[in-house]
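J.: Each protein sequence line maps, in turn, to chains A and B.
Take 1 as the starting number for the first sequence in the working numbering and just add one per residue.
Take 1001 as the starting number for the second sequence in the working numbering and just add one per residue.
No lab work stands behind these hints: they were computed from the structure.
A couple of the hints might just be wrong.
Computed Cβ-Cβ distance ranges for the label pairs, DEER-style [to be verified]: (1) Gln127(A) <-> Ala1101(B): 18 to 24 Å; (2) Ala281(A) <-> Asp1294(B): 24 to 30 Å; (3) Gly1128(B) <-> Glu108(A): 33 to 39 Å; (4) Gly1182(B) <-> Ser285(A): 35 to 41 Å; (5) Asp252(A) <-> Gln1011(B): 40 to 46 Å; (6) Ala215(A) <-> Gly1128(B): 50 to 56 Å; (7) Pro1084(B) <-> Ala200(A): 20 to 26 Å.
Backbone N, C-alpha and C fix where the C-beta goes; we use that ideal spot for every residue, glycine too.
Protein chains: 2
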Amino acid sequence: MTQISDSAAWQSIGLGWQPSGQAVLSGALLELADRLDRCFVAMAGAWGAREFRFPAFVSAAELHRLDYFRSFPHLVTFPVCLDPDEPNLERFTGEPVTGGAVALTAIEPVREVLTPAACYHIYIHEQGRVFERAQHYTTRNTCFRRERYYAPLRRQWGFTMREIVCVGTLDEVKQFLATCRGQVEALLAATGVPVAWTAATDPFFQPARSAQYLAQRVNPTKTEAVFGDDLAIASVNLHQDHFGHTFDLSRDGAPSFSGCVAFGIERWLHAIVATHGFNPARWPSLARAAAPADQVASP
Amino acid sequence: MTQISDSAAWQSIGLGWQPSGQAVLSGALLELADRLDRCFVAMAGAWGAREFRFPAFVSAAELHRLDYFRSFPHLVTFPVCLDPDEPNLERFTGEPVTGGAVALTAIEPVREVLTPAACYHIYIHEQGRVFERAQHYTTRNTCFRRERYYAPLRRQWGFTMREIVCVGTLDEVKQFLATCRGQVEALLAATGVPVAWTAATDPFFQPARSAQYLAQRVNPTKTEAVFGDDLAIASVNLHQDHFGHTFDLSRDGAPSFSGCVAFGIERWLHAIVATHGFNPARWPSLARAAAPADQVASP
């Protein structure tokens, strides 16, 4: 195992770090990030998944329908603008920054949230649809989670998440997730990164009081691929009909089920470097894994 | 000219629109966006530019050194989190959203800004460096500007900006910008999109009171490629030694000069569809323009 705390070595492969909890990528590390994402896209392509590029913000009113703010108030980041009234802006320009912090004057109503997970956009975008067969989607987004501490690539305020999603019947979604897990295992084998698969729960606020947390404990629906002690680099998630019910996605007159597989791209970078070291020539090429794959399901 | 207000036709090529001022891309339009970006990357490649992927947020303290908040308080968006004190979060969960707006309780100090222009990250990242020759960079980011109204692809709260930057002597930067303008004209010819090149100024707050605005009026340093009446799809900018001076980038003992060429990707999508119509088979393939180019300058 490589000495992974060598910051000059990280810099040499293209990692920059901002203490606000955000990474800068360039050079070999940026190329590896893009190679990995092509592998995930190839995996999605095998399902005939439609790719979407969603914006940075999600409607707060839509997220509220999922009771998101009661479940994760500690994680959320809001985009905030100044009230555009000219005297208000003038007041702001007097001393806009003191001691490194912005001295906000009056702000506009806040109606959006910085994307907390890439796949929420999909259910919101598709709401009200009546499906006749299983649908597959893929999307990548920068996701934001406020944490008590940050660590480069492993725990960031902003990080990159790729997801592959199935909306269908319970059987279709279960079959999708089982097959995806096999696809992820094959990719992990190609990268040489060892993981342990473990049942997990989402990081709820006050979990003991959360009905959703208790439901996840009773009936585990999240399985994570964990590298090292505690770094979840991928997760396989069954949402039951939670999103189908909330956003009126239906099939044969009943709410659709859904499930997703999610990848934290910066964490994969960490796992590959920790496994293979700082010489990019020793990193897996992933050329075969990134090639367009055969369909795993007929559309 | 196509009837560009036909929303069903826009949807058929993969445009979704959120009234918050953000676009969703999929299908043919998403493919075109990626093809265009490959053209811009090829243009940067001809300069041997180093690619960086910067985070979503810029340090407010660093931006303040450019007097950004006095120049553009009306445009800026801040990322804001709740104070993580547990009673504060509990108070928030009582009624987090009312009438579509978030009911914020106490917030943490705000120290970051959502990226307003892609290239600021470069000067901040490189600060303090002493250069021996011209440096070239490229980066793409989602940029955020609060506006009084939005229009799909043309004027968005969040939009995608690709930039190519040169840091060097005044002569090197001027030569870079002149050559870039030729590269952009060649790409425009390949896309068939007609533009007019016009001198422009940045959208300062209270321009009549802004020394920077007045300086731009006296000595124009920004030239825009304008499609139709008023849609700037690319700009060529000479920064003089403004960033070199502020962030201590130097060359031969003096502050470096810098310049950039910037592309608004969603606006290029609009210009191509408005020019060629809604049938993707009639859009320019751009395959030649996206191929790795010969070096225009020896490194």
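J.: Looking back at the numbered hints, which does the structure fail to meet, lowest number first?
T.: Hint check: 5 fails alone, others pass.
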